[in-house]
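Turn these sequences into a full structure, and let the hints guide you.
Going by my numbering, the sequence shown opens with residue 11, and the numbers climb by one from there.
Hints may be right or wrong, so weigh each one.
Straight line, CA to CA, 27 Å or less: simulated BS3-like cross-link-like pairs of lysine-lysine [stated by the list, open to error]: (1) K121 / K26; (2) K121 / K29; (3) K121 / K108; (4) K108 / K26.
In case anyone wonders, no lab produced these hints; they're calculated from the structure.
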Amino acid sequence: MERNLGHYLGTEIDGKWWKRFTRDGMSLRGKGRYWFEGDSLCFLRYLTRSPITVPMGLVKAVEVGTWHAGRWAMGIPIIKLVWLHEGQTLVSGFILGKGHSEVETIVQDLKRRMSGTRVP
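Structure, rendered in C-alpha cells:
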C-alpha cells in the first residue's frame, strides 16, 4: 500500500469556512501521508496515531479550488471531498499533488473510486 505525501486543511460543515467540523480527529490541520484502504481515503497527519478516514461511498462530489477552511494555498490546487457524515454535509480539503497534472490524475482516481469502479 503506497503512502504519498499530502496536507490536510480541515473539514468544513455545509461548505462554510467558518464552520469547522472538529470531531473524529478532524480538528487539526497538518502535513502527513495518504493512501487508499478498501473503499476509503485515509490520511495520517504527522505526530498522530489515528488516520482521518473518508469512505468513498459517502462522497457526493470531488472539487478543486485554491482555498479551503479559511486557508489560501498560494495557487496550489486543493482537492475538496464533499461527503455525508451523520446527516451533515462535510467538505474536507487536501493538498495531494504537486502540480496541476498530478492533481488531475488524483481527482480522476477519486471520482472512479467514488462511483465504485474498480481501480487496479
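Each hint tested on the structure:
1. K121 / K26: holds (23 Å)
2. K121 / K29: holds (26 Å)
3. K121 / K108: Status holds; Cα separation ~19 Å.
4. K108 / K26: holds (26 Å)
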